[in-house]
Amino acid sequence: MTRLYDIATARAGDKGNTSNIAVFVRDPAHWAAVCDQLTADALRTAYPALFRGPVTRYVIDHLHCMNFVLEQSLEGGVSDSLNLDGHGKSFSFLVLDLIITLPDAGDLEGDAP
Amino acid sequence: MTVRKRDGDGDRIRIGCGAGFANDRIDAARDLAERGVLDFLFFEGLAERTLAQHQLARAANPEAGFNPGLIRRLRAVLPACRAHGTRIVTNMGAANPRGAGLAAVALAREMGHAGLRIAVVEGDDVAHLMRPETRLTEGGVLADIAQPLIAANAYLGADPIADALDACADIVITGRVADPSLVLGPLIHAFGWSRCDWALLGAGTLVGHLLECGFHITGGYFADPGRKEVPGLAWLGYPFADVRADGSAVIGKLDGTGGLVSRETVLEQLLYEVGDPAAYLTPDVTADFSATRIVQTGPDVVAVTGGTGRARPDRLKVSLGFGGGVLAEAEISYAGRGATARARLAGQVVTERMTVLHGCTDLMRMDLIGVASLHATAQSGPDAQDVRLRIAMRTADPQMAETLVHEVETLWIAGPAGGGGARGRITPTVMARSALIDRARVTPRVEVLVA
Numbered sequence: 001m002t003r004l005y006d007i008a009t010a011r012a013g014d015k016g017n018t019s020n021i022a023v024f025v026r027d028p029a030h031w032a033a034v035c036d037q038l039t040a041d042a043l044r045t046a047y048p049a050l051f052r053g054p055v056t057r058y059v060i061d062h063l064h065c066m067n068f069v070l071e072q073s074l075e076g077g078v079s080d081s082l083n084l085d086g087h088g089k090s091f092s093f094l095v096l097d098l099i100i101t102l103p104d105a106g107d108l109e110g111d112a113p
Numbered sequence: 001m002t003v004r005k006r007d008g009d010g011d012r013i014r015i016g017c018g019a020g021f022a023n024d025r026i027d028a029a030r031d032l033a034e035r036g037v038l039d040f041l042f043f044e045g046l047a048e049r050t051l052a053q054h055q056l057a058r059a060a061n062p063e064a065g066f067n068p069g070l071i072r073r074l075r076a077v078l079p080a081c082r083a084h085g086t087r088i089v090t091n092m093g094a095a096n097p098r099g100a101g102l103a104a105v106a107l108a109r110e111m112g113h114a115g116l117r118i119a120v121v122e123g124d125d126v127a128h129l130m131r132p133e134t135r136l137t138e139g140g141v142l143a144d145i146a147q148p149l150i151a152a153n154a155y156l157g158a159d160p161i162a163d164a165l166d167a168c169a170d171i172v173i174t175g176r177v178a179d180p181s182l183v184l185g186p187l188i189h190a191f192g193w194s195r196c197d198w199a200l201l202g203a204g205t206l207v208g209h210l211l212e213c214g215f216h217i218t219g220g221y222f223a224d225p226g227r228k229e230v231p232g233l234a235w236l237g238y239p240f241a242d243v244r245a246d247g248s249a250v251i252g253k254l255d256g257t258g259g260l261v262s263r264e265t266v267l268e269q270l271l272y273e274v275g276d277p278a279a280y281l282t283p284d285v286t287a288d289f290s291a292t293r294i295v296q297t298g299p300d301v302v303a304v305t306g307g308t309g310r311a312r313p314d315r316l317k318v319s320l321g322f323g324g325g326v327l328a329e330a331e332i333s334y335a336g337r338g339a340t341a342r343a344r345l346a347g348q349v350v351t352e353r354m355t356v357l358h359g360c361t362d363l364m365r366m367d368l369i370g371v372a373s374l375h376a377t378a379q380s381g382p383d384a385q386d387v388r389l390r391i392a393m394r395t396a397d398p399q400m401a402e403t404l405v406h407e408v409e410t411l412w413i414a415g416p417a418g419g420g421g422a423r424g425r426i427t428p429t430v431m432a433r434s435a436l437i438d439r440a441r442v443t444p445r446v447e448v449l450v451a
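So the protein lines, in turn, are chains A and B. Residues 1 to 113, numbered by the numbering used here, are exactly what the first sequence covers, in order. Residues 1 to 451, numbered by the numbering used here, are exactly what the second sequence covers, in order.
Just so you know, not all the hints are guaranteed correct.
[What the hints assert, rightly or not] Capping the alpha-carbon separation at 30 Å, the derived lysine-lysine pairs in DSS-like fashion look like this:
hint	chain 1	residue 1	chain 2	residue 2
1	A	Lys15	B	Lys228
2	A	Lys15	A	Lys89
3	B	Lys317	A	Lys15
4	B	Lys317	A	Lys89
5	B	Lys228	A	Lys89
If you are wondering where the hints come from, they were derived from the structure by calculation, not from laboratory data.
Next up, chain A with everything else stripped away, as it sits in the complex:
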């Protein structure tokens, strides 16, 4: 069990009421596991009260990164939301809080290489 924070970085932005959260896996060895587990469904079900609309995932395989487009996820968007962070800029760290199961020896905090 590894927190995404320990193996990936993320950056979030907004367009109207749509949030986009890009996730970048730092070590290619972890890419397959993240790709399998960090699906659009996984993200939507992790924070259902916040991510209320369709979630689409775009993958750029050779760069080991993925982009989530989350519709209706900004409480109306920066001009409507009452959230202090109306842009959802801090959503990157919501995603990085999720857990990924890496295949046995790949667990970062686990066995020595």
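Using the hints provided, position chain B relative to the given structure of chain A.
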């Protein structure tokens, strides 16, 4: 008749970013202008809502309505730009590119640059084409919005910018244009790219997208102590790109500036505010970033290739701004044992009085800063002993906004024990929506003013 002037060394031009948002730093822009030996310097300064706010300013004063810091920024960079032959492109003309152009003419004369050519690009204002039945991208039609429409601006592309540079403009000032077009326009001009060579336009759009947020690619918005270190974060340098006629680029920053340009900083910006990376829509092209290659070739030097594209969209995005509302925010802090419970009780008191006594029907949001605020909608946090209650409300009724701030203020005396640091503020707001318009209905206009 346009006059084409080639820039750079023929096969390579250097373009730098000197602002990634409306109020970005000026000291680093001056440094880049002075030491960067740039062919082009651009300032990006329009967010989705910014233009509507400038429309309000222009309504109050016909000479206003452009970025109030633009002239200060030009004053800082103009001597170096004139010395190096660097031409400036910016969308900080906002709701009044002509007003900004006239102010720039006055500045150029004052600074001894008589003869400076300043192009203004207009035609993005399409408010006269909006109808009650105009469909909104978000759903519904324009007439569904009760608040008054104060701005409707179509996103123009690189063409009028390239035209202005072809006409030997030293400074190009636009209103609403797509951010990457601020870079693509100079590239089209400098390399004589065909305006329907989608692969090159896509490659140039990629360079524009990477540079448009300024510090975002030189270590800004990246640092996370212990995990992602950024040297000299207080002294970030703005980025520049050395672009070749085939659309490939090398991203860098000045020696001696803080921050870093790395594979990771470039990668994080690559997907920033992007939807489908294979179909990034601009007025110029349907850009495709999905085959981008990013290679770090040296310290703070990153090569970017592989941007491409397909035919441009037939319709342009129009950003709409509706006025008339305010955002009221009021806060008070509780600390020590039981702080979370006292803050929560304070929020209940305010909510009850607003609804029962004052008949408020506007939605109120209550955050406990220090317990759960930014992510409160997603998850709740643990109890804390240093908590700030924030209550926020949007309303069309300024009196109700005042009432909310007042009710929080009365917690000084009448709320739970130990409250301190009450503050409140009321901010006029613009509500943003968008629409699409056939590009044939939008006609960009370029005029060159001479100082």
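Which of the numbered hints above does this structure break?
Per hint list: zero violations.
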